[in-house]
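Here the sequence shown is numbered in this note's numbering, starting from 73 and rising by one per residue.
Simulated from the structure, these hints should not be mistaken for laboratory data. It is possible that part of the hints are untrue.
Restricting the straight-line Cα-Cα distance to at most 20 Å, the calculated cross-link-like pairs of lysine to aspartate or glutamate (EDC-like) are [stated by the list, open to error]:
#1 K221 to D349
#2 K182 to E102
#3 K528 to E687
#4 K221 to D209
#5 K382 to E414
#6 K369 to D639
#7 K382 to D323
#8 K221 to D233
#9 K410 to D574
#10 K369 to D592
#11 K698 to E569
#12 K528 to D574
#13 K155 to D179
#14 K711 to D219
#15 K382 to E395
#16 K182 to D229
#17 K575 to E557
#18 K421 to D585
#19 K711 to E214
#20 K421 to D409
#21 K182 to D230
#22 K485 to D323
#23 K528 to D419
#24 K355 to D724
#25 K421 to D592
#26 K410 to E569
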Amino acid sequence: MGVERLKTIHKIFAAALMLSAVTVSAANLEQVTAESFTAECNSSVATITVQLRQLEAFAGTPDKQTFLRPLDEVMLNLADAAKRANLYQSVHPDQSLRQAAEQCSQDLDKLNTDINLSQPLFEVLSRLDRSPLSSVDNYLVETLLRDFKLAGVNLADDQRDQVRALQQELVKVGQNFNRTIREDVRHLELHSTSQLKGLPADYIAAHQPGEDGVIRLSTRYPDYIPFVTYAEDESLREAFYRMARSRGYPDNRDHLQQLIQKRHQLAGLLGFDSHADRITADKMIGSAEAAARFIDKVSLAAEPAAQRDKAQLLQRLQQQRPEATQVQRWQLSYLQDKIKTEQYQVDAKQLRNYFAYGRVKSGIFELVESMFDVQFKPWDAQVWHPSVEAWEMWGDDQLLGRFYLDMHPRDGKYQHAAMFPTRTGVAGRQVPVATLVCNFPGEGNPTEKMEFTQVKTFLHEFGHLLHELFAGRNQWVAQSGISTEWDFVEAPSQMLEEWVYDKTTLQSLAVNDAGESLSDDVVTRLQAARNFNRGVGTQIQMFYSALSLNYYRHNPEQLDLYQLMLDLEQQYSPLPPVEGTHFYANFGHLNGYSAIYYTYMWSQVIALDMFSRFETEGLLNPETAKAYRQLVLEPGGSKPAATLVRDFLGRDFSFDSFARRLNSH
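Use the sequences and the hints to build the structure in full.
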């Protein structure tokens, strides 16, 4: 599928929307219950336990076939069961099944800990003769041995028992933290449509008063993001911001304190000064100290751009409030929109009319098909909710992978955006399956409009999806899918975001209800506005990174979650902290990513450097895309991430492309 088709895609807008109007019959809804899920999980645990005990009793000469293959089988069974449980506890509409999946995750994590702490497995793996192995196989053994040691396999029996207990406790507390965020949906109540002044017409039409005369806006993204961006009433924007910023509080204050305390205890058992030191030991960055230096380096590099941005923002605020001396967080999105509209002639409300959910989805499909020479086809699979779609990805006349799209908000569902690996791909055995989980408008109506920022999020998560599927044909489970160092995994997703500013791509995504693509003039203005507020945005990200790192870097006995949050926001964020809010209680990455939120910016440095090759050779150049697919995506975790990037760029990655982007006007 060539570039020319992208240029004329608006001609088939109606047909593309039909692509999104996938209906799911009752027969296609998965007939799984909490009881059947639990039985399936128990069966998996029993099978894996038997396999583990057999491997621990191994008495022969270990080699690739006699030991590595059976060990890989154990890892495959464990990974697939854990991935399904993780997905279902986050998205399944049945609360009892979500609870069953949480219990299953606990059981599987206990089993995973047993494997990681198994001295018999480690002893056999240590004496495996590696001389006949390929470089890929040797890298596998090397990383497995490292992971055994980092898990505590060499500890005394009583210490390994303590590790087991702490790991189990961490799973439960982490589930409590995530569940609280997932289920704590708050509502702003309005008593007149006049309070929606400034919002797009389609938003107002979709948010009319109920029978009691009250308009209820939830803190879910489709309600929240447009309101804080467009609403004219600043007091309501502030109230909504404060409400959203404190979701999960106070329950998650206690849950987070427990997470930090237990992770600190675990790190001490494993010989580290802090959890931040432990979790960075196997990352590209190498240490918590290096992560701290990186955070400061990026924050300093962003300072000139942030100062320019702040001056523009404050100048615009003073047009309405001459007495204002600083911009507040609840004013940021609103002021950004005003400046882009007035100074760059980019009207987000008008732009929104071009981003129907169905068109965006179809346009992203077209982009990926064109770049990577693949095809997406409907997959007749059972799903857990009528809004979920199932797709296959084909290339070179073979099935490369499958994926689900769970794209719209509902009660009890994960509230942000993420790619969930769902089944591990193994060469010659099974294709990978992944699930995209987002919270966009468009359920039942693919003409519902998205914000431009949501389009970028869609591309970001699709980048993760492609990485997982393309890397799903490796021979070892530990190297399949997104299995590179954790601080590299955001690079492919962040790089794909860049295509939202490419004229050809953007005009294929942005088509209004009349079938008209975004004009060349608007595209040019949108490109000109892209760097506005990059400095402020970067420094806010470094506040998040510093918060993540420092919560897990210091003695938890002396930690005041609220005060440290305020102090770090004062130090790193270009905007003042909002006292009385509790962002840490709904910052879900503090569980999943724990101390390493810096990885987003670390990955962006790499992403922009890799993107520089596309800028030189053409964003839609199929040969460059092929090289990127083969050298970066497909190898998965079979090589160090730095090697993958070097293979693609012909050199080590550098900070230069990132610095140039920060300094662009």
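Hints, verified against the model:
The hinted pair formed by K221 and D349 meets the criterion: a straight-line CA distance of about 15 Å does not exceed 20 Å. Between K182 and E102, the direct Cα distance comes to roughly 28 Å. Violation of the 20 Å bound is thereby established for this hinted pair. For the given pair, K528 sits about 18 Å from E687 by alpha-carbon distance, which is consistent with the 20 Å threshold. Simply put, K221 and D209 have alpha-carbon atoms about 19 Å apart, close enough for the 20 Å limit, and the pair holds.
Pair hint K382 plus E414 holds up; C-alpha atoms about 16 Å apart against a cutoff of 20 Å. Under the criterion of a C-alpha separation no larger than 20 Å, the hint pairing K369 with D639 is consistent with the structure, at around 19 Å. Straight-line distance between C-alpha atoms of K382 and D323 comes to about 35 Å, which puts the hinted pair past the 20 Å bound. A threshold of 20 Å between alpha carbons decides the hint, and for K221 with D233 the separation of about 15 Å falls inside it, so the pair holds.
The hinted pair formed by K410 and D574 fails the criterion: a straight-line CA distance of about 23 Å is larger than 20 Å. This hinted pair does not check out: K369 and D592 have alpha carbons roughly 37 Å apart, beyond 20 Å. Proximity of K698 to E569 is assessed by CA-CA distance (about 18 Å); at most 20 Å being required, the pair is judged to hold. This hinted pair checks out: K528 and D574 have alpha carbons roughly 12 Å apart, not beyond 20 Å.
For the hint pairing K155 with D179, the CA-to-CA distance comes to about 13 Å; that is within 20 Å, so the pair holds. About 16 Å separates the Cα atoms of K711 and D219, which keeps this hinted pair within 20 Å; it holds. At roughly 16 Å between alpha-carbon atoms, K382 and E395 fall within 20 Å of each other, so this suggested pair holds. Restraint check for K182 and D229: the C-alpha separation of about 16 Å stays at or below 20 Å, so the hint holds.
Restraint check for K575 and E557: not satisfied, since their Cα atoms lie roughly 33 Å apart, outside the 20 Å limit. With a C-alpha separation of about 14 Å, the suggested pairing of K421 with D585 holds against the 20 Å cut-off. Only pairs whose Cα atoms come within 20 Å are accepted, and K711 paired with E214 is accepted, the gap being roughly 11 Å. Restraint check: the Cα-Cα separation between K421 and D409 comes to about 9 Å, which is no more than 20 Å; the hinted pair holds.
Among the hinted pairs, K182 with D230 is consistent with the structure: their alpha-carbon atoms are about 16 Å apart, no more than 20 Å. About 19 Å separates the Cα atoms of K485 and D323, which keeps this hinted pair within 20 Å; it holds. For the hint pairing K528 with D419, the CA-to-CA distance comes to about 17 Å; that is within 20 Å, so the pair holds. Note on K355 and D724: the hinted pairing holds, with a Cα-Cα distance of about 17 Å set against a maximum of 20 Å.
Restraint check for K421 and D592: satisfied, since their Cα atoms lie roughly 18 Å apart, inside the 20 Å limit. The straight-line distance between the Cα atoms of K410 and E569 is roughly 23 Å, outside the 20 Å bound, and the hint therefore fails.
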